[in-house]
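**Q** So you can see what is in the structure, the chains are spelled out below.
Protein chains: 2
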Amino acid sequence: MLDRWLRPLRSRAKITVLCLLLTFIVLHGTFTSAKSGSSEESSDNHTSYASRKRAESRRSLEEAQNDNNDKNYAEFEISKILVDEEGGDEEKPHPNKPYSLGPKISDWDQQRSEWLKNNPEFSNFIGPNKPRVLLVTGSSPKPCENPVGDHYLLKSIKNKIDYCRLHGVEIFYNMALLDAEMAGFWAKLPLIRKLLLSHPEIEFLWWMDSDAMFTDMAYEVPWERYKDSNLVMHGWNEMVYDEKNWIGLNTGSFLLRNCQWSLDLLDAWAPMGPKGKIREEAGKVLTRELKGRPVFEADDQSAMVYLLVKERAKWGEKVYLENAYYLHGYWGILVDRYEEMIENYHPGLGDHRWPLVTHFVGCKPCGKFGDYPVERCLRQMDRAFNFGDNQILQMYGFMHKSLASRRVKRVRNETANPLETKDELGLLHPAFKAVKVSASS
Amino acid sequence: MLDRWLRPLRSRAKITVLCLLLTFIVLHGTFTSAKSGSSEESSDNHTSYASRKRAESRRSLEEAQNDNNDKNYAEFEISKILVDEEGGDEEKPHPNKPYSLGPKISDWDQQRSEWLKNNPEFSNFIGPNKPRVLLVTGSSPKPCENPVGDHYLLKSIKNKIDYCRLHGVEIFYNMALLDAEMAGFWAKLPLIRKLLLSHPEIEFLWWMDSDAMFTDMAYEVPWERYKDSNLVMHGWNEMVYDEKNWIGLNTGSFLLRNCQWSLDLLDAWAPMGPKGKIREEAGKVLTRELKGRPVFEADDQSAMVYLLVKERAKWGEKVYLENAYYLHGYWGILVDRYEEMIENYHPGLGDHRWPLVTHFVGCKPCGKFGDYPVERCLRQMDRAFNFGDNQILQMYGFMHKSLASRRVKRVRNETANPLETKDELGLLHPAFKAVKVSASS
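Just so you know, the protein sequences line up as chains A and B, in that order. Going by UniProt numbering, the first sequence runs without a break in its numbering and finishes at 441. Going by UniProt numbering, the second sequence runs without a break in its numbering and finishes at 441.
Just to be clear, a hint being listed does not mean it is correct.
Label-pair distances were calculated between CB atoms; the ranges are [to be verified]: (1) B:S402 / A:H352: 48 to 56 Å; (2) A:D109 / B:E224: 35 to 43 Å; (3) B:D109 / A:A324: 45 to 53 Å; (4) A:V285 / B:N344: 51 to 59 Å; (5) A:T415 / B:E280: 48 to 56 Å; (6) A:R412 / B:E121: 23 to 31 Å; (7) B:R379 / A:P147: 15 to 23 Å.
Simulated from the structure, these hints should not be mistaken for laboratory data. The structure displayed is predicted, hence computed values, not measured ones. Here a beta-carbon is modelled for each residue, glycine too, at the ideal position from N, C-alpha and C.
Could you put the whole structure together from the sequences, leaning on the hints where they help?
**A** Here you go:
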């Protein structure tokens, strides 16, 4: 009789234990996924100032929204614990193994030098004082949440195509997330490393955010200035090293030399990136350590400031914080002055008088939550685009009707002797385009 | 007394005459504007097969829709009869003056030759058998009516950037309507002429529609084959010259040499283009004269067929109708075979086994009225994009998880000796990229 009484008890006990187990698993899973970093931006590498200053609540809202929308990466998370039907396990990061961008390479300078010697037709210099440069940018493989966002990505890449064509720079437009752990603003690190190692002929890799546009089509980067530098970012020494200010430099537009030092830097830069607990905790450190930084997960820019401050002796000598021209130019202080610039100055200056780059940090036209009113951002992006586009159009005798207008008007008549007409800016056949192949350096 | 009776009559008469005059002016204006061609596509140069076969009613609907949306060009029409406030009349075409792309040039070969001699650093050949090529494409300066359309334009230009980077081809992405009379598919003519004349260093201009994508990243155009040709289009001699079939050739992807012959061709091609009565009437001629052509306004492709048929003796010798590979490949017969191609063939073939170009004629992802179900088009465009993108990603050890998926997976491990790894297709440092500057030809 006891047995008959105990049997249901044992069944219930089993059920109870099973339920408890399932509850634990579910709770654990919930707890873990709630800590996952936002993968909203996947391959969208906006680094935003104001977004980092705005309330954390907005970001939480974004994350919730994005977890719903970002099915790709949720699926990837799930697949990490399933065997890949296509015949192999998904790459699942070992929880206790520190993150790595790839196998350690210590002799890259020698490997690269050897390769260049054996492949003179792929020289790393395409002219005297003219290194081979690859401009790298990109965006998410998904359509923008904001329908008009993709139109601005399209205008932005056209803008980059124009500048790069004039300056003999090649473009790599990325739309693939190479490493799910390094989603969001960190996605550029695995990509950059991959491109450097695959293309030894590249001397400099120029990373540029998708929300940054060229506004000086005539300005050539002063490559000679950086002959002893390996990393060039817009910024100020004092703001970084003295103030430890989180916006003392900008990683939305920077130059990185293809060399061992850069591989080492990427390795040193990466550890705060892996999404989840690491990125969260690192974010807290950065907020505590850096001046003015709001509370949010670790971003690549803050991490760079932190790295340079902590290890100045190791990296500082090869890092050039440039502020003589706008390698990155914060849009907020530039866009209302375009008419004044047109009135008083001319292309080719690259600085506050005619900025090389206007960078729409915080606008996020692709997403739904930017830090500025959408209309302000979009109207100013139109103006910046037209400001730059005018410098292209004038080569062909046209200009936009106004900085606000998509329409163009003729400003120079057609002629039967087109080659006698000199375009005002001399951009049709500029000196920096007249390249010859020289011996590898 | 008679005078007192007549006075009001005279006033009324004047008023009546004035009213009749105003009525006439308004009716005339209405009549003229109703005949205006669709400027929907402004700088969107889709040449579509099926759209040209579908009911004319759909196109009328489009025009009505677009007249509402296309305020830019309506404003331009109005401004034609107003004095430009900025200080000059808008360009208004003289009603009786035949359309012209620009002042007649008769010595372009000499002008160009002289320029090349004086500017050896801008050679028209960038390598032995490797002419300097400019790929020209573009789209409307307005956001697409279909929100997802801009995303596909973005993927399309990334696709072109990838191919052109591998093959040493420069890109010009146009978003400006240079001549309002030549809106729509005809917009490419003024643009092409302008670019040829501005860039004598260009040997070949490669026009490519925004709805065409590269699907063979390894295929190099056989430039040598065209040494005696000035215009290369995908097509068949029999279908053009014997059948007068309106799809006997395709103007969505073609090569045009920079020379006098080409300027003359553009001049001969243009007359059917000016929107309004000319384009309408020309359309009727083309429908009557060409096999299989539905009723709609003149398009550049039909006009080209007609021109070649009518003036074969003048142009035929320098026109190469290519069908040995898919300089243009109609998507309908290609996209369902990608898996079969992957199974049986490899990149570098360019033909039916592995098409160089997959061209989504009739899909119109930017607009609202395509000729095929939207889902079919978008899904196939994703597949074509991924099919091409896989050839880029494999260089870096990645591939899309499937042709339908945005996500990528690793297919080759990282290594400490990246330069010893040869990418399967040899695209990282292909022979056709190994260019040296040679003397002008």
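**Q** Confirm or reject each hint.
**A** Each hint tested on the structure:
{"no.": "1", "hint": "B:S402 / A:H352: 48 to 56 Å", "verdict": "holds, 50 Å"}
{"no.": "2", "hint": "A:D109 / B:E224: 35 to 43 Å", "verdict": "holds, 40 Å"}
{"no.": "3", "hint": "B:D109 / A:A324: 45 to 53 Å", "verdict": "holds, 46 Å"}
{"no.": "4", "hint": "A:V285 / B:N344: 51 to 59 Å", "verdict": "holds, 55 Å"}
{"no.": "5", "hint": "A:T415 / B:E280: 48 to 56 Å", "verdict": "violated, 32 Å"}
{"no.": "6", "hint": "A:R412 / B:E121: 23 to 31 Å", "verdict": "holds, 25 Å"}
{"no.": "7", "hint": "B:R379 / A:P147: 15 to 23 Å", "verdict": "holds, 19 Å"}
Comparing the model with each numbered hint stated earlier shows that hint 5 is the single one that does not hold.
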